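Residues per chain are reported as follows:
Number of protein chains: 2
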Amino acid sequence: MNQPIDIAAYMQGVGAAAREAARALARATTAGKNAALVAAAAALRRDQATLLAANRDDVAAARTAGHDAAFLDRLTLAPKTVTAMAEGLLEIAALPDPVGEMSELRYRPSGIQVGMMRVPLGVVGIIYESRPNVTADAAGLCLKAGNATILRGGSEAIRSNHAIAARIHEGLRHAGLPESAVQLIATTDRAAVGLMVAMDKHIDVIVPRGGKSLIERVARDAKIPVLKHLDGVCHVYIDEDADPEMAIRIADNAKTQRYSPCNTMETLLVHAAIAPRVLPPLCRIYADKGVELRGDARARAVVATMKDATEDDWSTEYLAPILAIRIVDDLDTAMDHIARYGSQHTDAIVTRNHDHAMRFLREVDSSSVLINASTRFADGFEFGLGAEIGISTNKLHARGPVGLEGLTSRKWIVFGSGQIRT
Amino acid sequence: MNQPIDIAAYMQGVGAAAREAARALARATTAGKNAALVAAAAALRRDQATLLAANRDDVAAARTAGHDAAFLDRLTLAPKTVTAMAEGLLEIAALPDPVGEMSELRYRPSGIQVGMMRVPLGVVGIIYESRPNVTADAAGLCLKAGNATILRGGSEAIRSNHAIAARIHEGLRHAGLPESAVQLIATTDRAAVGLMVAMDKHIDVIVPRGGKSLIERVARDAKIPVLKHLDGVCHVYIDEDADPEMAIRIADNAKTQRYSPCNTMETLLVHAAIAPRVLPPLCRIYADKGVELRGDARARAVVATMKDATEDDWSTEYLAPILAIRIVDDLDTAMDHIARYGSQHTDAIVTRNHDHAMRFLREVDSSSVLINASTRFADGFEFGLGAEIGISTNKLHARGPVGLEGLTSRKWIVFGSGQIRT
Chain U
1 MNQPIDIAAY MQGVGAAARE AARALARATT AGKNAALVAA AAALRRDQAT
51 LLAANRDDVA AARTAGHDAA FLDRLTLAPK TVTAMAEGLL EIAALPDPVG
101 EMSELRYRPS GIQVGMMRVP LGVVGIIYES RPNVTADAAG LCLKAGNATI
151 LRGGSEAIRS NHAIAARIHE GLRHAGLPES AVQLIATTDR AAVGLMVAMD
201 KHIDVIVPRG GKSLIERVAR DAKIPVLKHL DGVCHVYIDE DADPEMAIRI
251 ADNAKTQRYS PCNTMETLLV HAAIAPRVLP PLCRIYADKG VELRGDARAR
301 AVVATMKDAT EDDWSTEYLA PILAIRIVDD LDTAMDHIAR YGSQHTDAIV
351 TRNHDHAMRF LREVDSSSVL INASTRFADG FEFGLGAEIG ISTNKLHARG
401 PVGLEGLTSR KWIVFGSGQI RT
Chain G
1 MNQPIDIAAY MQGVGAAARE AARALARATT AGKNAALVAA AAALRRDQAT
51 LLAANRDDVA AARTAGHDAA FLDRLTLAPK TVTAMAEGLL EIAALPDPVG
101 EMSELRYRPS GIQVGMMRVP LGVVGIIYES RPNVTADAAG LCLKAGNATI
151 LRGGSEAIRS NHAIAARIHE GLRHAGLPES AVQLIATTDR AAVGLMVAMD
201 KHIDVIVPRG GKSLIERVAR DAKIPVLKHL DGVCHVYIDE DADPEMAIRI
251 ADNAKTQRYS PCNTMETLLV HAAIAPRVLP PLCRIYADKG VELRGDARAR
301 AVVATMKDAT EDDWSTEYLA PILAIRIVDD LDTAMDHIAR YGSQHTDAIV
351 TRNHDHAMRF LREVDSSSVL INASTRFADG FEFGLGAEIG ISTNKLHARG
401 PVGLEGLTSR KWIVFGSGQI RT
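Chains as they are written, first to last, in the working numbering: chain U, 1 to 422; chain G, 1 to 422.
Only chain U is shown next, with the shape it has when bound in the complex (with noise of 0.2 Å):
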């Protein structure tokens, strides 16, 4: 690849270029966006051979710089992840346009009617590993909220972004849209990223996507706000009322449904009353499944078989068939545990008792707060936003599942009819 020469210029440059591409997009109707999303969709289908070669470079690159085989496996795009980008392009071309929508619409003792706007946020950098399924599904989303994207991927992924890029510009193209509403970074230069992320008059909202350690980086340089979560300590509390089949049936998907997502439960605390009831139950169905478990001294009371429970394993996202289980004497206990070890990301309650499910939905912290449900659902797809850009344990802005609403923002309008203030 080039790589340009003067790196700062060539960002500042990218930089105003989406700015001003940002407010064509604003100004797009709802069919020219739609427009863009299936002719992007048709030329990565219509071109997939051209992408499958692209990204065999790409990997046949990082195979031999030694990149590991899970690496890889990231990497690589197979036919049927060329037709699940393209399909996804055109379920977002198929969701309702945020953009323009007003509400909230009344009328002052002054006269005026005052309401809200709903408005793209403007532009928004995209930082992610080497996955390029994510140019697809993160400038597609992007676009169809009437953002400008600037995306910054893997630098192994190269060949391949470039190759799904210019599908996405025959798209904008066609839709007489300005190209530079989507630009992949050119250089893989690492000094883009950090450049990126401080360009705020350029850019109004960075998304990372991918491991904590690129998340942290990102958040710890940015100038510019980030829509982020570093963990999923996530929880299911068994309260006492609990019925024990569905207990049971909670706990058992809410970790082994798929250990990686970041919704996946770490920690399970169980009232004290209810434990010998499920837990011998559940944790054979654990031990069948290869799940280690670790508890506290009254877990392991209960099933002898349980590794001992460090304070690390309390908060601790495992990622991996590993659960960690703690034995409470009441719902305040259960609450208390969750806002010291949390990470305010999804977080379960299983019970009958009404009055402890509302006071577990009011009072956990959390930006996915469920009753009698498993964690696995909180997930943009499951939510209904129809895609989701990431998920965010941000307290101000979008929180949770982040879908095309995330990517907008508001603004105050007001219909007069002549009126000056007095």
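Just so you know, these hints were derived from the structure itself, not from any lab. Here the structure is a predicted model, which is why all the values come from computation and not from measurement. Hints are not guaranteed to be accurate.
Claimed, not checked - A few chain G positions that, by computed beta-carbon distances, are all more than 10 Å from chain U:
| # | residue |
| --- | --- |
| 1 | ALA31 |
| 2 | PRO98 |
| 3 | GLY176 |
Said to hold, decoys possible - Within a straight-line C-alpha distance of at most 25 Å, the following computed BS3-like cross-link-like pairs (lysine-lysine) qualify:
| # | chain 1 | residue 1 | chain 2 | residue 2 |
| --- | --- | --- | --- | --- |
| 4 | U | LYS212 | G | LYS201 |
| 5 | G | LYS223 | U | LYS212 |
| 6 | U | LYS223 | G | LYS223 |
| 7 | U | LYS223 | G | LYS201 |
| 8 | U | LYS223 | G | LYS212 |
We put the CB at the ideal spot given by N, CA and C, even for glycine.
For chain U, the structure is supplied; the task is to place chain G on it using the hints.
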């Protein structure tokens, strides 16, 4: 005042106490929060003499220190200021409680019901100048939204602020809420501000209240999101199709109703076709009120008494009886001018043309956009928020006038009946 010896340790203690109090406040009932506000209002009224005595000491010290008349004016409490503070708290008590509001609950194909619940932000840090009334106003609004507050007021107002905070503490005690829900920084050491804006573990959002230099300093140093606006370079655009009489009325009011607010017009844009009709009578009104006019060459060709506007005038927030005037050839040029020189605060169009009105409303990217109404309406009270903590030109989270809702966040909530993910 006693100064703590180790300021860093003191600030950490304040932060930890606020975080702890925030959990209690998030659980507090509407009745409890309102009882605290009503009791604090009663205590302020009852102890008016004590408050005024403390304030006299502050004013005397500030006068000795050589502060100017405007500074002393902002610092001084009068009986009617104390009454206004008490009434402000009662008005906040009368507002609907945003916390716990559930919305958008929908069943999903999986059987879970998904929606959002409004929750407090947590801990709000307020950094303000020597205006003692902010102590009561800001603490009251944060309390109603369920947030703990850390207040850092100007050091010259420390006696007044302590006297006010003591009455708020009395209200909190009366309602059984922790006094640490509202903490006033006891030290006047300026290092406290730098420490405060870096306490990202203990504070969720910083709201600076004061002049531009204060806000710039806070925004530059903060490791925490800052709700802010820096400039209010607000525009009125008089379109070709404006009603001339309405245009004159609005342009007069937007500039001259008050000169110092951030929503006062600083630049007037006038379509060339209507300028000969509206500018001469409008400029006579401005001249009568002593407003200095600075126009571009075309505006000066219509009204010869204007001074020559320089490039700097287009981006200056005068906060004074000075107005920049430019003649433009069409709506697009007006919107380009606003995009280039404006501060995304508040902009208005005067027109009878529906298409122009709706294009301006949609395309001008400011926190408040008005059709046929004075920019002076962009205000929490006029918009119906009841009270405002400030105005934000941020794109993320709250934008425009920020009231109770802007001091809250939302989380996802799920009502299930045993659902697991398959």
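*asked:* Which constraints among the numbered hints does this structure fail? Numbers only, ascending.
replied: none
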